[in-house]
Amino acid sequence: FDVDVSNLGCGLNGALYFVSMDADGGMSKYSGNKAGAKYGTGYCDAQCPRDLKFINGEANIENWTPSTNDANAGFGRYGSCCSEMDIWEANNMATAFTPHPCTIIGQSRCEGNSCGGTYSSERYAGVRDPDGC
Numbered sequence: 003f004d005v006d007v008s009n010l011g012c013g014l015n016g017a018l019y020f021v022s023m024d025a026d027g028g029m030s031k032y033s034g035n036k037a038g039a040k041y042g043t044g045y046c047d048a049q050c051p052r053d054l055k056f057i058n059g060e061a062n063i064e065n066w067t068p069s070t071n072d073a074n075a076g077f078g079r080y081g082s083c084c085s086e087m088d089i090w091e092a093n094n095m096a097t098a099f100t101p102h103p104c105t106i107i108g109q110s111r112c113e114g115n116s117c118g119g120t121y122s123s124e125r126y127a128g129v130r131d132p133d134g135c
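If you're matching positions, the sequence shown starts at 3 in our numbering and goes up one per residue.
For the record, the hints were derived by calculation from the structure and aren't laboratory data. You may find that some hints are simply not true.
[Stated by the list, open to error] The list that follows gives simulated cross-link-like pairs (lysine-lysine, BS3-like), each with its CA atoms no further than 25 Å apart:
#1 K55 x K31
#2 K36 x K55
#3 K40 x K55
Build the full structure now, drawing on both the sequences and the hints.
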């Protein structure tokens, strides 16, 4: 594939990556999940995002903390983790190819600070490699 990143400066990132989420968004695993991948449920990545509104077929509303600058955003008690393979991340100055492995195969739910990543007190507390190797 060809992508023109000549106008994508420092601090910006064009990306193409794969994650090991369920193809059906978890519908076959979780009876409460009626929406599936078509509507964005089942997403996971190596940063174990806690800003997802639905995880494992349930609303992520416990301890939901709204964003201070976006009425549609925030983060909850749970995160959704899985391995991630960054095929291409780039701007007009650099490019990267990065694996983010996990110690657990497939998607898993984490809780609070044990998720690591952005909304936790310890970035590396989770079961995956948020920075890549």
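Verification of the supplied hints:
1. K55 x K31: Measuring from Cα to Cα gives roughly 18 Å; hence the hint holds.
2. K36 x K55: holds (14 Å)
3. K40 x K55: holds (15 Å)
When the structure is compared with the earlier hints, no violation turns up for any of them.
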